[in-house]
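*Asks:* Chains A and B are the protein sequences, given in the same order.
Mapping the first sequence onto this note's numbering, position 83 (from 1) lands on 83, and the numbers just tick up by one.
Just add 1000 to the spot in the second sequence (first one is 1) and you have this note's numbering.
Incorrect hints may have been included.
Each computed DSBU-like pair below joins lysine-lysine, with the alpha-carbon atoms no more than 30 Å apart [stated by the list, open to error]: (1) Lys-1051/B / Lys-83/A; (2) Lys-83/A / Lys-5/A; (3) Lys-1051/B / Lys-5/A; (4) Lys-1145/B / Lys-1117/B; (5) Lys-1048/B / Lys-83/A; (6) Lys-1113/B / Lys-1145/B; (7) Lys-1055/B / Lys-83/A; (8) Lys-83/A / Lys-1058/B; (9) Lys-1112/B / Lys-1145/B; (10) Lys-1055/B / Lys-5/A; (11) Lys-1048/B / Lys-5/A; (12) Lys-1058/B / Lys-5/A.
The set of hints was computed from the structure by calculation and includes no laboratory data.
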Amino acid sequence: MFTVKEIERAVVDAVAGAYGVDEETLTMQTSYQDDLETKSLKVVAMIMMTNENLGLEDDDEVEFEDVMNCQTLQDTVDVLVAKYGAE
Amino acid sequence: MPLEDGYGRAVDDRNDATWAHPELRDFWAAGNADVVHMCCDESIPIEKRRKRLEKMIKLSSDMLASQGVNPLEGKDTTDADGFGTLQAFRCHGCPDEPEGAEHEVYALIPEKKSRRKRPAIFFIMGGCFFMQEPALYPELLRWAKQFNAIIVTPRYSTLLDAHYPTQLDECHAGYQWMLENAEELGIDPDRVVLFGLSTGAQLAIALAFRLKRYGIVPRGCVVADPMVEDRGTYESSKIVRDAADARLSHLMFYNYVGPENLGLGYIGPEAFPNHATVEECEGLCPLFIHVGESDQDRDPVIDFAGKCYAAKVPCSTHVWFGAAHATLWNSRGTAMSERFFEVLHGDIRDCLTYDLRR
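With the hints as constraints, model all of the structure from the sequences given.
*Replies:* Right under this line is the structure:
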């Protein structure tokens, strides 16, 4: 069980690392499509880093289908909170 | 003011997407840099790296499938939209390394039988010697259908498990397996085109050199963004782009040929095609080479093509404006990418329609 803050922290760090942007520029409203202006394989790196940040392994890991419809960072956090639970 | 590297020399920073063709800008940052950095990080236990690589490949396949550009949904027995089945076979050993380990080779075989032998496209997957998965290449099915061809694609060892020349030996073993089974597969062995992208392109040209040594000259070799050089002494070697550049190539090739060989030019064109002399290029199969304007290997590719021209090898060289390494296929679905694949398609068609060999 994670806290919402831990999940937010993991997602922001993963997005910043994967998309090569400064964490300071990201908010929960940041849109993957409109603000990060990049597509394709970056989402793979983002998922890998999220798994790493949360220490998830094997069957517990975040999968592409979990986040494929996420438009913003908040959507991603909501999906992960729903999947893993949060205090 | 130009950026400088740690030694005060100017570098050519092309991270900004304004270097890209407008249709490629959204894809400018896409690449396999994360894969290479992770796989080459020796502080991570190798089993963990292997596991992470498998995960990356799965995520990439899932992502492409979600975009509807992946008609191949598996790797062992894949229904290819009624056209045929991607079947996995086993092969091992090539003339240079008869005791080579057994590995997989895939063949996309049409369901419909044909009395006439079909041509074959021998496709070598790219992905920095790491990211191999047939499902990542929807063109395989498209071209199999369009050319009524058999697609054969070998799996080869990643750099986690082996180093040069194992990967080339395994591609050679796959080619030999195809020739030995041509009758059963319904392949015309005289109508085979080599095709590859990125490191797959490097291996395709390297295989053309290897096959020439054994008196085999395929109908052609069509490649995009081949890595042809490990000596970072060219103007394009100064290009800095986080998604893929000469720094990333250096890291990858350190693991491919080892520090004792890297950047010295001692090993020949079967490792790095641009190590070839003009004489070594003589008798090569027709080459159709595509490279991006901002690709780190742009100038070595042009250099290599120059040697091919001097050696009278039929050769076409296309430098794509506004493209960098791998952007033209990472941007599938854009008009620019479609145009790129149409040109590749035309090159393959020419090789299969006409005998361009000299």
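*Asks:* All the hints need checking, so say for each whether the structure fits it.
*Replies:* To see whether the hints hold, each was checked on the structure:
The hinted pair formed by Lys-1051/B and Lys-83/A meets the criterion: a straight-line CA distance of about 22 Å does not exceed 30 Å. About 15 Å separates the Cα atoms of Lys-83/A and Lys-5/A, which keeps this hinted pair within 30 Å; it holds. Taking the CA atoms of Lys-1051/B and Lys-5/A, the gap is near 28 Å; set against the 30 Å cutoff, the hint holds. For the hint pairing Lys-1145/B with Lys-1117/B, the CA-to-CA distance comes to about 15 Å; that is within 30 Å, so the pair holds.
Straight-line distance between C-alpha atoms of Lys-1048/B and Lys-83/A comes to about 24 Å, which keeps the hinted pair within the 30 Å bound. For the hint pairing Lys-1113/B with Lys-1145/B, the CA-to-CA distance comes to about 13 Å; that is within 30 Å, so the pair holds. At roughly 19 Å between alpha-carbon atoms, Lys-1055/B and Lys-83/A fall within 30 Å of each other, so this suggested pair holds. Distance check on the hinted pair: Lys-83/A and Lys-1058/B sit about 20 Å apart at the alpha-carbon level, within 30 Å; holds.
For the suggested pair Lys-1112/B and Lys-1145/B, the alpha carbons sit about 11 Å apart, so the restraint of at most 30 Å is met. In summary, the hint linking Lys-1055/B to Lys-5/A is supported, as the alpha carbons are separated by about 26 Å, within the 30 Å threshold. In summary, the hint linking Lys-1048/B to Lys-5/A is supported, as the alpha carbons are separated by about 27 Å, within the 30 Å threshold. At roughly 28 Å between alpha-carbon atoms, Lys-1058/B and Lys-5/A fall within 30 Å of each other, so this suggested pair holds.
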